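Given these sequences and hints, build the entire structure.
Chain by chain, the residues run as shown.
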Amino acid sequence: MKVVRDDRDAVTLLRVEGKIMGGPDADTFKKVIKDLVAEGRNKVILDLNKVSWVNSTGLGILISGHTTIKSNGGGMALIGVNQRIDQIFMVTKLNTIFQAYEDEASALASF
Amino acid sequence: MASSNNAALRIGLQLPSRLDLLGVVDKVIEGITEQMEFDDVDRDAIAISVIEASTNAIQHGHETDPTKPIDIVFEIEEDRLVVTVHDHGVGYVPDLSDDPTPPDLLSTRGRGIFIMRSMMDEVTFDVTDGTLVRLVKEKNAGGGEEENSG
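As they're listed, the protein sequences go chains A and B. If you use my numbering, the first sequence closes out at 111, no skipped numbers anywhere. If you use my numbering, the second sequence closes out at 150, no skipped numbers anywhere.
Everything labelled a hint here was simulated from the structure, so no lab data went into it. All figures in this text were calculated on a predicted structure; none of them were measured in a lab. Note that beta-carbon positions come from the ideal geometry of N, C-alpha and C, so glycine has one too. Heads up, some of the hints might be wrong.
[Unchecked claim] Straight-line alpha carbon distances no greater than 25 Å define the calculated DMTMM-like cross-link-like pairs of lysine to aspartate or glutamate that follow:
id, chain 1, residue 1, chain 2, residue 2
1, A, Lys2, B, Asp65
2, A, Lys19, B, Asp20
3, B, Lys68, B, Glu78
4, A, Lys19, B, Asp39
5, B, Lys27, B, Glu122
6, A, Lys70, A, Asp27
7, A, Lys31, B, Asp20
8, A, Lys93, B, Asp39
9, A, Lys70, A, Asp7
10, A, Lys93, A, Asp6
11, A, Lys2, A, Glu17
12, A, Lys2, B, Asp26
13, A, Lys93, A, Asp7
14, B, Lys27, A, Glu17
15, A, Lys30, B, Asp20
16, A, Lys31, A, Asp7
17, A, Lys2, B, Asp39
18, A, Lys19, B, Asp26
19, A, Lys50, B, Asp65
20, A, Lys93, A, Glu104
21, A, Lys50, B, Asp20
22, B, Lys139, B, Asp40
23, A, Lys2, B, Glu63
24, A, Lys50, A, Asp7
25, B, Lys139, B, Asp20
[As the list claims (entries may be wrong)] Pair by pair, the computed Cβ-Cβ distance ranges are:
id, chain 1, residue 1, chain 2, residue 2, range
26, A, Asn49, B, Arg109, 18 to 28 Å
27, A, Arg5, B, Asp39, 31 to 41 Å
28, B, Ser107, A, Ala38, 18 to 28 Å
Written out as structure tokens, the structure is:
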């Protein structure tokens, strides 16, 4: 998994690439979120357009990031959720905590 | 798709316990489920479930030791796909007596077996020289246990 950070005024866009599946991915993502929070940046758009799939360990990584951002008074919006990721969100009911948007503009407008 | 004598067509895959190789498993599943003409939703359900079982085998069965191989066998039958994922670790059989229940929403772990049971038509575990997970997806069955149980 690769994460590219792009700060847009008060909102940070995180472009994730590859597969979110645990192992070193957890440390990579945690560090990015930790750095954001340390800088006082707590509005995050997670762009999953280039993520092919997420397994249950990867879900844990996303939940951990979401919890950290929320507990610091911010929010996390998702864009680029493909059919397979949407299916796993639906089954696990995580679609009720992860707010997914059609595109970047809609996600930006949500903050 | 099935072999001409109605016996299951078996395709085996053995790979080192490395998470980065799950992409290879995904590609094999894509080919098999496309050949069997599963619809898109079922293809994703099968891929997600086999990847979950394989992740468990690699991380829990073999503690991500790449020298220990996991074995995945696809049995292609006329109306269903049977997949077994076998590790050679200490062996683990979860309690499957109840309907699958999701963990707390904000829990960061504990969803793998729930996901498999929700997406496949049958999920069984056996301790045979490690853990053997057997996943079954019927063609046109409409969903897994969660949907069947209402």
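Original post:
CA of Lys70/A to CA of Asp7/A, is that 25 Å or under?
Top reply: Between Lys70/A and Asp7/A the Cα gap is close to 18 Å, so the pair holds against 25 Å.
Original post:
Between Lys27/B and Glu17/A, is the straight-line Cα distance small enough, at 25 Å or below?
Top reply: It holds: about 18 Å lies between the C-alpha atoms, which stays within 25 Å.
Original post:
Honestly, do Asn49/A and Arg109/B meet the 18 to 28 Å range at C-beta?
Top reply: For Asn49/A and Arg109/B the Cβ distance comes to about 26 Å; the hint holds.
Original post:
Can the restraint linking Lys50/A and Asp20/B be considered satisfied, given a maximum Cα separation of 25 Å?
Top reply: holds (16 Å)
Original post:
Quick one, are Lys50/A and Asp7/A close enough, alpha carbons at most 25 Å?
Top reply: holds (19 Å)
Original post:
Are Lys2/A and Glu17/A close enough, with their CA atoms no more than 25 Å apart?
Top reply: Given pair Lys2/A, Glu17/A holds - Cα atoms ~5 Å apart, limit 25 Å.
Original post:
Is the straight-line distance between the alpha-carbon of Lys19/A and that of Asp20/B 25 Å or less?
Top reply: holds (9 Å)
Subject >> 25 Å limit on alpha-carbon distance, applied to hinted pair Lys50/A and Asp65/B >> reply: violated (28 Å)
Subject >> Satisfaction of hint between Asp26/B and Lys2/A, Cα-Cα up to 25 Å >> reply: Holds: Lys2/A and Asp26/B sit about 19 Å apart, inside 25 Å.
Original post:
Under the criterion that the straight-line Cα-Cα distance not exceed 25 Å, is the pair Lys31/A, Asp20/B satisfied?
Top reply: With Cα atoms ~20 Å apart, Lys31/A and Asp20/B stay inside 25 Å; holds.
Original post:
For the pair supplied as a hint, Lys27/B and Glu122/B, is the alpha-carbon distance within the 25 Å limit?
Top reply: Roughly 22 Å between the alpha carbons, so the hint for Lys27/B and Glu122/B holds.
Original post:
Regarding the pair Lys19/A and Asp26/B, is the alpha-carbon distance no greater than 25 Å?
Top reply: holds (11 Å)
In summary, the structure is inconsistent with hints 3, 10, 13, 17, 19 and 25 from the numbered list given earlier, while agreeing with the others.
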